[in-house]
Amino acid sequence: MSGASVKVAVRVRPFNSRETSKESKCIIQMSGNTT
Numbered sequence: 001m002s003g004a005s006v007k008v009a010v011r012v013r014p015f016n017s018r019e020t021s022k023e024s025k026c027i028i029q030m031s032g033n034t035t
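Counting in full-length UniProt numbering, the sequence shown runs from 1 upward without gaps.
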């Protein structure tokens with residue numbers, strides 16, 4: 001697979017009220033347009 005590349009799309013959204021009430025943790029960190 002020499003020279004091949006893989007692109008991954010990640011959709012990130014704000015927590016909904018259920019996630020907020022369960023004190024869910026964010027596992028994605030962003031630096032500009034890069035995760």
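Hints are not guaranteed to be accurate.
What the hints assert, rightly or not - Quick list of the computed label-pair ranges, beta carbon to beta carbon: (1) GLY3 - ILE28: 42 to 52 angstroms; (2) VAL6 - MET30: 36 to 46 angstroms; (3) GLU23 - GLY3: 17 to 27 angstroms; (4) GLY32 - ALA4: 20 to 30 angstroms; (5) SER2 - LYS22: 44 to 54 angstroms.
To be clear, the hints were calculated from the coordinates, so they are not data collected in a lab. No experiment lies behind these values; they were computed from the predicted model shown. Glycine included, each C-beta is placed from N, C-alpha and C at the ideal position.
Do the hints match the structure? See the list:
| no. | hint | verdict |
| --- | --- | --- |
| 1 | GLY3 - ILE28: 42 to 52 angstroms | violated, 29 angstroms |
| 2 | VAL6 - MET30: 36 to 46 angstroms | violated, 20 angstroms |
| 3 | GLU23 - GLY3: 17 to 27 angstroms | violated, 45 angstroms |
| 4 | GLY32 - ALA4: 20 to 30 angstroms | holds, 26 angstroms |
| 5 | SER2 - LYS22: 44 to 54 angstroms | holds, 45 angstroms |
The earlier numbered hints that this structure contradicts are 1, 2, 3.
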